[in-house]
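Q: Protein chains in written order, with this note's numbering: chain A, 1 to 329; chain B, 1 to 270.
Just so you know, these hints were derived from the structure itself, not from any lab.
The model shown is predicted, which means the values in this text are computed figures rather than measured ones.
Fair warning: there could be bad hints in the mix.
Said to hold, decoys possible - Calculated lysine-lysine pairs in the PhoX-like style (CA-CA distance at most 25 Å, straight line):
| no. | chain 1 | residue 1 | chain 2 | residue 2 |
| --- | --- | --- | --- | --- |
| 1 | A | Lys23 | B | Lys267 |
| 2 | B | Lys182 | A | Lys136 |
| 3 | A | Lys295 | A | Lys206 |
| 4 | B | Lys267 | A | Lys13 |
| 5 | B | Lys182 | A | Lys115 |
| 6 | A | Lys181 | A | Lys295 |
| 7 | A | Lys295 | A | Lys275 |
To be verified - Listed next, the stretches of chain A that the computed footprint assigns to chain B, with coverage defined by at least 3 CB atoms under 8 Å from CB atoms of chain B:
| no. | segment |
| --- | --- |
| 8 | 49–56 |
| 9 | 81–90 |
| 10 | 93–105 |
| 11 | 111–118 |
What the hints assert, rightly or not - Label pairs and their computed distance ranges (CB to CB):
| no. | chain 1 | residue 1 | chain 2 | residue 2 | range |
| --- | --- | --- | --- | --- | --- |
| 12 | B | Thr46 | A | Asp169 | 20 to 30 Å |
| 13 | B | Ile153 | A | Tyr16 | 21 to 31 Å |
| 14 | B | Leu12 | A | Lys13 | 49 to 59 Å |
| 15 | B | Val205 | A | Lys13 | 55 to 65 Å |
| 16 | B | Gly186 | A | Lys136 | 22 to 32 Å |
| 17 | B | Gly104 | A | Glu123 | 31 to 41 Å |
No residue lacks a Cβ here, since even glycine has one placed at the ideal position from N, Cα and C.
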Amino acid sequence: MTGELAIQIRDLKKNYGDVEVLKGVDLNVERGTMLALLGPNGAGKTTVVKILSTLAGPSSGSVTVNGYDVVRQRDGVRRSIGLVSQFVALDWMHTGRENLIMLGRLHHLSVANAKVRAQQLLEQFDLVEAGDKQVKGYSGGMKRRLDLAASLLVTPPILYLDEPTTGLDPRSRATMWAAIKQLLAAGTTILLTTQYLEEADQLADKIAVIDGGRIIAEGTAAELKQGVGKERVELVLASGGDFNRARQVIEGDGLQHDEDTRTISLVVDGAAHVKRLLDTLENKGLEIESLSLTKPTLDDVFFALTRRGNEPTNQSTDDNHDEEVGAAL
Amino acid sequence: MTATLGADGIVLPEKRSALYWAVSDTRVLIGRHVHHLTRSPDQIFTAIMLPAVMLLMFRFMFGGAIDVGGTTYINYLMAGILVISVTMISVSTTLAVQSDMQEGVVDRFRAIAMLDSAVITGHIVAAVIRGLIALTVMVGLGFAVGFRPSGSIGDWLLTLGMLVLFAFSLAWVAAVLGLVAKSVDGASGLGLILMFSPYASTAFVQADTLPDGLRQFVEYQPVTQVVDTVRALLLDQPVAASGWPALIWWVAILCVAYPLATRLYRKRFV
Ligand SMILES: Nc1ncnc2c1ncn2[C@@H]1O[C@H](COP(=O)(O)OP(=O)(O)OP(=O)(O)O)[C@@H](O)[C@H]1O
Ligand SMILES: [Mg+2]
Numbered sequence: 001m002t003g004e005l006a007i008q009i010r011d012l013k014k015n016y017g018d019v020e021v022l023k024g025v026d027l028n029v030e031r032g033t034m035l036a037l038l039g040p041n042g043a044g045k046t047t048v049v050k051i052l053s054t055l056a057g058p059s060s061g062s063v064t065v066n067g068y069d070v071v072r073q074r075d076g077v078r079r080s081i082g083l084v085s086q087f088v089a090l091d092w093m094h095t096g097r098e099n100l101i102m103l104g105r106l107h108h109l110s111v112a113n114a115k116v117r118a119q120q121l122l123e124q125f126d127l128v129e130a131g132d133k134q135v136k137g138y139s140g141g142m143k144r145r146l147d148l149a150a151s152l153l154v155t156p157p158i159l160y161l162d163e164p165t166t167g168l169d170p171r172s173r174a175t176m177w178a179a180i181k182q183l184l185a186a187g188t189t190i191l192l193t194t195q196y197l198e199e200a201d202q203l204a205d206k207i208a209v210i211d212g213g214r215i216i217a218e219g220t221a222a223e224l225k226q227g228v229g230k231e232r233v234e235l236v237l238a239s240g241g242d243f244n245r246a247r248q249v250i251e252g253d254g255l256q257h258d259e260d261t262r263t264i265s266l267v268v269d270g271a272a273h274v275k276r277l278l279d280t281l282e283n284k285g286l287e288i289e290s291l292s293l294t295k296p297t298l299d300d301v302f303f304a305l306t307r308r309g310n311e312p313t314n315q316s317t318d319d320n321h322d323e324e325v326g327a328a329l
Numbered sequence: 001m002t003a004t005l006g007a008d009g010i011v012l013p014e015k016r017s018a019l020y021w022a023v024s025d026t027r028v029l030i031g032r033h034v035h036h037l038t039r040s041p042d043q044i045f046t047a048i049m050l051p052a053v054m055l056l057m058f059r060f061m062f063g064g065a066i067d068v069g070g071t072t073y074i075n076y077l078m079a080g081i082l083v084i085s086v087t088m089i090s091v092s093t094t095l096a097v098q099s100d101m102q103e104g105v106v107d108r109f110r111a112i113a114m115l116d117s118a119v120i121t122g123h124i125v126a127a128v129i130r131g132l133i134a135l136t137v138m139v140g141l142g143f144a145v146g147f148r149p150s151g152s153i154g155d156w157l158l159t160l161g162m163l164v165l166f167a168f169s170l171a172w173v174a175a176v177l178g179l180v181a182k183s184v185d186g187a188s189g190l191g192l193i194l195m196f197s198p199y200a201s202t203a204f205v206q207a208d209t210l211p212d213g214l215r216q217f218v219e220y221q222p223v224t225q226v227v228d229t230v231r232a233l234l235l236d237q238p239v240a241a242s243g244w245p246a247l248i249w250w251v252a253i254l255c256v257a258y259p260l261a262t263r264l265y266r267k268r269f270v
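Next up, chain A with everything else stripped away, as it sits in the complex (with noise of 0.2 Å):
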C-alpha cells in the first residue's frame, strides 16, 4: 500500500506507435490535497487521466490509484475514481436524470437510491428545472455540471477533473469552482487539469507543469510564480501632456510607454506599489483616464520556466519576460 499516497506515478511513459506522448512522468498526490496539473494544448495531461482512469494502458512504468495498480487491480481503480472527463460523457438522447439514475445503477445503488441520488444531484447543481430535458439541448455549463454530478454518484475518495471550466463563462466557472472547493473540503482527492494558471491557483494546493509529455515545474502557486516575474500595471493617461511628463517621473522595471495609447506599463510589487506610482501621478498634478493590472498568464510560467537555468540573474529573467509580454500586446 502506498499509506498517504491517493495517486503514485512512476517514471509513466505512452506511445502512440511512433509518438511518445509522455515521456517519463513521475508524480504523487496525498490524500486529501489537490494537484492542478497544468499545460497547454498536447501537453499530455488526458494522457494521464486516462492512464490514471484504466482508460488506456500505460506503456511503461508503474502507476497506483488508491493503492490499486492501473494495470492488474483495474476494477479496485475504478472503485475509488470519479471522473469527469474533457469532452461531455453522457448520453444525450437520455434526459439529465435518466442519465443520472441509468449511471448510479452501474454504480451499483438499488433502483430506488439512484432514483433518491438523482433528485439530490439535481437539486444540489441546479438542474432541477433541466433535468426533465434531453442532454443534447442542454448549454455547456448545463452539461458540466451534470457530467460533475454523474462523478459523485457514489462518493469517489479519488475525483479527477479533465479541464472542467474550459469553454464555460464566468459565472459556470465560478459555480463549478465552488462545488470543486466543497469537495477539497469533504476530503476527496482531487486532481483537477487546467489550461490556466488562475484555475490552479485559486483552487490547488500543488501545482504540476506539464509539457511535451514531461513535467516541468512543481510547487505551490507562489513558488511557480516567482520565476515568473510580477504582476504588471498599465496605466492610460489622460492626455498627451500628461503622458509626456508621466514619462519623465515614473521608473521601475520592464518600463514601456506607447504614446499612440498614452499607455505606460511596469512591473509592480503589490498594492502598496501601485498606491506609490498613483500617489506620485498626483502630486504632480497628472490625470489618469484607466488603471488596469495584468496576472502573469501561463504563457509567463512557461516562458520563465523553460529558461530557468539558462538565465542566472532575476533580473534578466523579467527583462526578457517584459520583451515577451510587449511583443504580445
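Go by the hints and put chain B with the ligands onto chain A.
A: Positioned in the frame of chain A, the structure of chain B with the ligands alone reads:
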C-alpha cells in the same frame, strides 16, 4: 433508509453478488437502447423501408416473370424478405456501435467498475428487438399482399427460433464490424458486407439458375442456409438439408464473433 441516503456525505454502492450486478448492468444497458428506440423510432423505420419496398416491387412488378415452380412467387420471396429485414437491422447495429464508441459516455462506462461486456450486450439485445419488430411488420405486409404459408404452428416457432438465432449471431458480427470501423464511412462500408450478403443467396432466385462458381458460393454460404430453412418451414417442405447447416453455421459464427467483439471492446482504448 432511502430518505437519509448520503446524509453523512458518503454514498456507497450496495453489496450484492457479482452475478446479481452482472445481470443488473446488462439490464440497465439493454434499457438504454430500448429507450433510444422509443426516443427515435426512425432508426428502425429506415431499416424496414428497404425490404418493404422490395417486397412490394418484387411482388407486383417482377413476380409474374419469375418462375419458382410449385408455389407462388410471393410465397417463395417471403423467406428472402425476412432475412433481408434482419440484415438491414444489423447494418444499423454496426453504425450504432461505431458511433457509440465515439461518444464520451462509453468512456464513462469503462471507468465504472461494472460488467464490461454489458455495453455491447445492450446493443445486441436492442438489435434483436429491432429485428423482431421488423420481422413482424414484414410478415403483416406479406399477408396483406398475398403471402399464404402452409407451415404449422410448430413450423412458425421453428422459423422464429431460426431467425432469432440468425439475428443474434449477425448482431455480434455487426458489433465486431462496428468496433473495427474507424469512422462512420468505414462503418457504412463494412455494413455493406452485411447488407449484400442476402443478395448472393437464394433470397430471390433458385441457385440452379446461376452460373458455375457463383452457384457453389451461393449454395453453401450461411445466409442461403437460413433463407432455405425459413422457406422450407413456411412452405411445409423438408427442412433438414438446410436446417442443420444453418444451425451449425450460425452457432459457429456466434462462437467466433462473441469473444472477438468482447475482446475488441476491452482493447479498444488501450
Ligand atoms: N489515441 C491517440 N493516438 C495518437 N496520438 C494521441 C492519441 N491521444 C493523444 N495523442 C497525442 O498525444 C499528445 C497529448 O495529448 P493529450 O490529449 O494528452 O493532451 P492534453 O494536454 O490533454 O491537450 P488539451 O489541452 O488539448 O486537451 C497530443 O500530441 C496528441 O495528439
Ligand atoms: Mg486534454
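Q: Hints first: check each against the structure and report whether it holds.
A: Taking the hints in turn, this is what the structure says about them:
For the proposed pair A/Lys23 and B/Lys267, the alpha carbon gap of about 23 Å is at most 25 Å, so the pair holds. A hinted pair counts as satisfied when its Cα atoms are at most 25 Å apart, and B/Lys182 with A/Lys136 qualifies at roughly 24 Å. Restraint check: the Cα-Cα separation between A/Lys295 and A/Lys206 comes to about 19 Å, which is no more than 25 Å; the hinted pair holds. Restraint check for B/Lys267 and A/Lys13: the C-alpha separation of about 18 Å stays at or below 25 Å, so the hint holds.
Under the criterion of a C-alpha separation no larger than 25 Å, the hint pairing B/Lys182 with A/Lys115 is inconsistent with the structure, at around 36 Å. Simply put, A/Lys181 and A/Lys295 have alpha-carbon atoms about 22 Å apart, close enough for the 25 Å limit, and the pair holds. With a C-alpha separation of about 17 Å, the suggested pairing of A/Lys295 with A/Lys275 holds against the 25 Å cut-off. Under a criterion of three residues with beta carbons nearer than 8 Å to beta carbons of chain B, the stated coverage of the segment 49–56 of chain A is upheld, 5 such residues being counted.
Given as covered by chain B, the segment 81–90 of chain A passes the check, having 7 residues with a CB less than 8 Å from a CB of that chain where 3 are the minimum. As drawn, the segment 93–105 of chain A meets chain B at 6 residues by the rule of a beta-carbon pair under 8 Å; at three or more, the given contact holds. A count of 4 residues in the segment 111–118 of chain A with a Cβ less than 8 Å from any Cβ of chain B is obtained; the coverage claim is therefore met, three being the minimum. Separation of B/Thr46 from A/Asp169 is about 39 Å and departs from the stated range, judged on CB atoms against 20 to 30 Å.
Under the hint 21 to 31 Å, the C-beta atoms of B/Ile153 and A/Tyr16, about 58 Å apart, miss the expected range. B/Leu12 and A/Lys13 have their C-beta atoms about 35 Å apart, which leaves the hinted 49 to 59 Å range violated. Distance hint for B/Val205 and A/Lys13: a CB-CB separation of about 59 Å, consistent with the stated range 55 to 65 Å. A C-beta distance of roughly 24 Å is found between B/Gly186 and A/Lys136, which places it inside the suggested range of 22 to 32 Å.
The supplied range of 31 to 41 Å is broken by B/Gly104 and A/Glu123, whose beta-carbon atoms lie about 24 Å from each other.
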